[in-house]
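Next come the chains, spelled out residue by residue.
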Amino acid sequence: MEEDQKENNGQRRKGISRRGFIQLVGAGAIATTLGDVSKSSPVEAAEAAEKGEMVHVSLQVNGRRHRFKVESRWTLLDVLREKLGLTGPKLGCGRGECGACTVLIDGQPRYACLTLALEAEGKAILTVEGLLRDDELGPVQKAFWDNDAMQCGYCTPGQIMAAEGMLRVNPNPSLDEIRKGMSGNLCRCGSYAHIFKAVEQAAKLKQTV
Amino acid sequence: MSQQNPPFYSDEQTVPETPDPGSAPKSWSRTSMVGRRQPRVDGYELVSGKAVFPSDISLPGMLYGSVLRSPHPNAIVKNLDTRAAEQMPGVRAILTGKNPEANIVWSYPGDVKSMLFESHCRFEGEAIAAVAAENSYQAGDALRAIKVEFEVLPATVDELKALQAGAPRIHDGGNRTKPPESYQRGEVSRGFTQADVILEHTYRTECEIHTPLERHGCVAKWNRDRLTVWQSTQGVYRIQSQVSSILGMPLSKVRIIGQYMGGGFGSKLQADKETIIAALLAKKTGRPVKLFMSREETFIAAGNRPPTNMRLKAGVKKDGTLTALDFTCVATGGAYPAGGTSGVDWQIKDLYQCPNVRTELSDVYTNACPSRPFRAPGHPQGSWALEQMMDALAEEIGMDPVALRLKNIPAVSQARSGNPPYTSTGLRQCLIEGAKSFGWREARRAIASSDKDRNWRKGVGVASGTWVAGAGGPPSTIIVKLFPDGSVNLNMGASDIGTGTRTVMALVVSEELGVRPDLIDIDNADTATTQYATPSGGSKTVPTESPAVRAAAIHVKQQLLAMAAEELKEKAASLTMKGGTILSLNDPSKKIKVTDVAGLKKQGIIVGIGYRNPNPANRATNPFAAQFCEVEVNIKTGEVRILRFLSANDSGRVMSRLTYDSQVIGGITMGIGFAMMEARILDRNQTGKIVSGNWHDYKIPTAMDVPADIVSVPIDLPDNEANTTGAKGLGEPVTIPTAAVIANAIYNATGIRLASTPVSPVMLRRALAAKAKETSQKDELK
Numbered sequence: 005m006e007e008d009q010k011e012n013n014g015q016r017r018k019g020i021s022r023r024g025f026i027q028l029v030g031a032g033a034i035a036t037t038l039g040d041v042s043k044s045s046p047v048e049a050a051e052a053a054e055k056g057e058m059v060h061v062s063l064q065v066n067g068r069r070h071r072f073k074v075e076s077r078w079t080l081l082d083v084l085r086e087k088l089g090l091t092g093p094k095l096g097c098g099r100g101e102c103g104a105c106t107v108l109i110d111g112q113p114r115y116a117c118l119t120l121a122l123e124a125e126g127k128a129i130l131t132v133e134g135l136l137r138d139d140e141l142g143p144v145q146k147a148f149w150d151n152d153a154m155q156c157g158y159c160t161p162g163q164i165m166a167a168e169g170m171l172r173v174n175p176n177p178s179l180d181e182i183r184k185g186m187s188g189n190l191c192r193c194g195s196y197a198h199i200f201k202a203v204e205q206a207a208k209l210k211q212t213v
Numbered sequence: 002m003s004q005q006n007p008p009f010y011s012d013e014q015t016v017p018e019t020p021d022p023g024s025a026p027k028s029w030s031r032t033s034m035v036g037r038r039q040p041r042v043d044g045y046e047l048v049s050g051k052a053v054f055p056s057d058i059s060l061p062g063m064l065y066g067s068v069l070r071s072p073h074p075n076a077i078v079k080n081l082d083t084r085a086a087e088q089m090p091g092v093r094a095i096l097t098g099k100n101p102e103a104n105i106v107w108s109y110p111g112d113v114k115s116m117l118f119e120s121h122c123r124f125e126g127e128a129i130a131a132v133a134a135e136n137s138y139q140a141g142d143a144l145r146a147i148k149v150e151f152e153v154l155p156a157t158v159d160e161l162k163a164l165q166a167g168a169p170r171i172h173d174g175g176n177r178t179k180p181p182e183s184y185q186r187g188e189v190s191r192g193f194t195q196a197d198v199i200l201e202h203t204y205r206t207e208c209e210i211h212t213p214l215e216r217h218g219c220v221a222k223w224n225r226d227r228l229t230v231w232q233s234t235q236g237v238y239r240i241q242s243q244v245s246s247i248l249g250m251p252l253s254k255v256r257i258i259g260q261y262m263g264g265g266f267g268s269k270l271q272a273d274k275e276t277i278i279a280a281l282l283a284k285k286t287g288r289p290v291k292l293f294m295s296r297e298e299t300f301i302a303a304g305n306r307p308p309t310n311m312r313l314k315a316g317v318k319k320d321g322t323l324t325a326l327d328f329t330c331v332a333t334g335g336a337y338p339a340g341g342t343s344g345v346d347w348q349i350k351d352l353y354q355c356p357n358v359r360t361e362l363s364d365v366y367t368n369a370c371p372s373r374p375f376r377a378p379g380h381p382q383g384s385w386a387l388e389q390m391m392d393a394l395a396e397e398i399g400m401d402p403v404a405l406r407l408k409n410i411p412a413v414s415q416a417r418s419g420n421p422p423y424t425s426t427g428l429r430q431c432l433i434e435g436a437k438s439f440g441w442r443e444a445r446r447a448i449a450s451s452d453k454d455r456n457w458r459k460g461v462g463v464a465s466g467t468w469v470a471g472a473g474g475p476p477s478t479i480i481v482k483l484f485p486d487g488s489v490n491l492n493m494g495a496s497d498i499g500t501g502t503r504t505v506m507a508l509v510v511s512e513e514l515g516v517r518p519d520l521i522d523i524d525n526a527d528t529a530t531t532q533y534a535t536p537s538g539g540s541k542t543v544p545t546e547s548p549a550v551r552a553a554a555i556h557v558k559q560q561l562l563a564m565a566a567e568e569l570k571e572k573a574a575s576l577t578m579k580g581g582t583i584l585s586l587n588d589p590s591k592k593i594k595v596t597d598v599a600g601l602k603k604q605g606i607i608v609g610i611g612y613r614n615p616n617p618a619n620r621a622t623n624p625f626a627a628q629f630c631e632v633e634v635n636i637k638t639g640e641v642r643i644l645r646f647l648s649a650n651d652s653g654r655v656m657s658r659l660t661y662d663s664q665v666i667g668g669i670t671m672g673i674g675f676a677m678m679e680a681r682i683l684d685r686n687q688t689g690k691i692v693s694g695n696w697h698d699y700k701i702p703t704a705m706d707v708p709a710d711i712v713s714v715p716i717d718l719p720d721n722e723a724n725t726t727g728a729k730g731l732g733e734p735v736t737i738p739t740a741a742v743i744a745n746a747i748y749n750a751t752g753i754r755l756a757s758t759p760v761s762p763v764m765l766r767r768a769l770a771a772k773a774k775e776t777s778q779k780d781e782l783k
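Going line by line, the protein sequences match chains A and H. Position 64 of the first sequence, counted from 1, bears residue number 68 in the working numbering, the numbering being contiguous throughout. Position 190 of the second sequence, counted from 1, bears residue number 191 in the working numbering, the numbering being contiguous throughout.
Treat each hint with caution, since some may be false.
Pairwise CB distance ranges, derived in the manner of DEER restraints [unchecked claim]:
{"#": "1", "chain 1": "A", "residue 1": "D110", "chain 2": "H", "residue 2": "I410", "range": "36 to 44 Å"}
{"#": "2", "chain 1": "H", "residue 1": "Y184", "chain 2": "A", "residue 2": "S178", "range": "51 to 59 Å"}
{"#": "3", "chain 1": "A", "residue 1": "S178", "chain 2": "H", "residue 2": "V608", "range": "36 to 44 Å"}
{"#": "4", "chain 1": "H", "residue 1": "N100", "chain 2": "A", "residue 2": "R68", "range": "41 to 49 Å"}
{"#": "5", "chain 1": "A", "residue 1": "V173", "chain 2": "H", "residue 2": "H121", "range": "52 to 60 Å"}
{"#": "6", "chain 1": "A", "residue 1": "G89", "chain 2": "H", "residue 2": "D519", "range": "47 to 55 Å"}
{"#": "7", "chain 1": "A", "residue 1": "R68", "chain 2": "H", "residue 2": "V608", "range": "55 to 63 Å"}
{"#": "8", "chain 1": "A", "residue 1": "D139", "chain 2": "H", "residue 2": "I606", "range": "25 to 33 Å"}
Covered stretches of chain A (chain H as the covering partner; in silico rule of three or more C-beta atoms under 8 Å from a C-beta of chain H) [unchecked claim]:
{"#": "9", "stretch": "58-72"}
{"#": "10", "stretch": "79-93"}
{"#": "11", "stretch": "96-106"}
{"#": "12", "stretch": "151-160"}
For the record, the hints were derived by calculation from the structure and aren't laboratory data. For each residue, glycine too, the CB sits at the ideal point set by N, CA and C.
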């Protein structure tokens, strides 16, 4: 573990930008995923675009490929919401503080409001809508519903994606690990105690599926 | 089976007796559905991402609006040049106070007026101009291209300095919103002479900002003279009445829709300037306009809980009898009258038996954003003072803090004229049952005998509270529709602000008709299609709406049973319903399925209408709460860990247990934020600007900051005198005592009394160091 840490830190110094660093959701996620993100840092690959110039971007969202023409400054979140019409990822702050926009990018929970659409080019993006099989809820969604892990529900899609991402790398999280994994997502209604229960149940449900 | 019986009904459930038309229903003696742990009826929409919140609305041709705001807390707009902005790509309209249609007076309480776009900006965040553009990026570009020339004036953002001689005047009449407000009963000076112990302390609470996850705003669309607004709001009818009066339109031409909304906590009870601005931009461009504040704007232009400066002097006899309470408070609701001191003294006046009480409240103008109601306005602030004082008094007279509170439980509402008795009061049970479930005595004993050499020290605390409202009351109109296949639609104007309103109301309909709650479809919060409701605030939605829902469901039953009675040749009074079948209590052979009732098939629908009856006269109906918590404090670093919390609530009948518990944990979580981390910080000695205007600098609780162990102990006391469902409000009482409970637990752990929120490790560390120094000096003197 200690060695992994060292290696990750080394890579962080080498490649990752502050922006890329902040995009990662939750303090817990940072330790486990830093290496992967810096390896595939998209910033270097992107061509410089003039202000106002429209660029093509191709995104794979919930298993389907879509092509869009947007200004290079458009965030992934705006493309998902405004161009694709998805209502799951929400805009809570637009500055990487609340996590309402959390989606999985190549399996990792990320803030879509701090990710440029161009940065997500060629990556697999999963939103809360992508957890549904037809109309059937996925295990994390089901556990959130059963445990009333929501009140107004606005942060809920983001919370669910953060939990989904955490459970993919850590199928049996302790309460402490759940707290850390969910710490990048704010819930102003204050449903955390029920969210902990929901994530515990989701971990069990996922193993029986 | 499902072929014969529609699958809509619960077979086991006999519905409650149906009263004769015109007579009131009996209170439920037992319930099958109400009070269950029913997962939210709208949970699927919320977890699937399919719920469409107002900020999710996207319409063909929709433009994006944005508001230019004053960056100064006190400044006059000398010149506004929009020429460059008008030429920007994608810009479709710019609106300033110069546009005749925007020449709109904006009224505050007490007849204080400003303009929609005000040229004298009295707070950072005041609206100056607005744009509409093809997308939000272009709208932002245009805003930045507007050139504004300000005359920057000296600002006063400190409410105590605002009262000093020579302070810059915020309005012509001076810096008080009104003369100090006073209240008196008995004679406090006499009370203090009767006391064995008198204590006096000052307290401060910092300004708290609502910051719901969904930002404030709307989408506005015109169809010639008809305006539709999708607004993130706690009350569509309130918005409709404000918009129609401001724009001079008939109510029938203003439609407000807000089925889902992403949190409000009191900040979304009113129409915002943004609502009107969006409507004007939409009118000007002939296109729908979406206008939501940015997150940063919500910190400076969407209200807050006013900061308070309080002083409390209290007298108590050795046996625990309170003899006098003397309270003063200076607070600020910002630059316009906004209730800076509302509710602050209610705990002092009404929570405990005390014959001699005096309060004086001073509401002061400052150059800061006007306040808005925030979850139990004033109450957590007053509780911060009173409940820490009760704890200190208990220690002084050597009494257990729970026992001191039990000693002073009032039978009547002392602060109301005529001292009306409460329809129900469970404060005693809250304290007793709460202490028992928490293990109060054992925990106190264990802490008293614990090892004092450890760095981490444990402590427990208690506090109680009451909420000034929570009774609900008229008006409310509800419609319940029964279709010929036995399925049901519930139509109500009220918003579900996350409190589980839809779920509660579905359980009420289910209780009365026997229909499965998940099969009751609910339309709500739309002024064109649902019935009048007051906004969801004041913890009054359940006690207001649930009796009306019950009345509407009963009205359906009365009509259905009358039809069945005719067909069965039986008296309606002899009929009952079970599992979707109507049967005679006298003759078991006489029965008919709901779906076979010919009258219903012929008519196509039964519409039941329910109204909310008035509350009983000369009675007070209030919820009560007692909370307990255990903390651990590191006396070297000042860190605080909140280990566990318990809330015992008397909110009348428990209507829906799962959403009830959610409100309890939510109120505690918000109270933890108020106590431990939340503070709007203004640059008070220099620019007056906000320096904690985002969620990085203004901390709210995260998953790392709250205990997993939060126990909800409902004191399930149906208040049958209050209304026909026996429910009282819950959402606000659950956050009133929370901060004081934590303060009392920290005292128990460290011996440090906390004057101000938020309790940071730095503040606590300083106090601990000062205390250590004091102790060692005392030791030296010995």
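Here's how the hints hold up against the structure:
1. At roughly 60 Å, the beta-carbon separation of A/D110 and H/I410 lies outside the given 36 to 44 Å, and the hint is violated.
2. Remark: the range hint 51 to 59 Å for H/Y184 to A/S178 is upheld by a beta-carbon distance near 52 Å.
3. Between A/S178 and H/V608 the beta carbons are some 54 Å apart, a value that contradicts the proposed interval 36 to 44 Å.
4. The hinted window of 41 to 49 Å between H/N100 and A/R68 holds, with their beta carbons roughly 45 Å apart.
5. For the hinted restraint 52 to 60 Å between A/V173 and H/H121, the CB-CB distance of approximately 56 Å keeps it satisfied.
6. Range check, A/G89 to H/D519: Cβ separation about 27 Å, and the 47 to 55 Å hint is violated.
7. Taking 55 to 63 Å as the suggested C-beta distance range, the pair A/R68 and H/V608 does not conform, at roughly 45 Å.
8. Between A/D139 and H/I606 the Cβ separation comes to about 28 Å, which falls inside the hinted range of 25 to 33 Å.
9. Counting residues of the stretch 58-72 of chain A whose CB falls under 8 Å from any CB of chain H gives 0; the rule of at least 3 is not met.
10. Counting residues of the stretch 79-93 of chain A whose CB falls under 8 Å from any CB of chain H gives 8; the rule of at least 3 is met.
11. Counting residues of the stretch 96-106 of chain A whose beta-carbon sits less than 8 Å from any beta-carbon of chain H gives 7, enough to reach three: the coverage restraint holds.
12. Proximity of the stretch 151-160 of chain A to chain H, defined as three or more residues with a beta carbon under 8 Å from a beta carbon of that chain, is established by the 8 residues found.
Consistency with the previously given hints fails for numbers 1, 3, 6, 7 and 9, ordered from lowest to highest.
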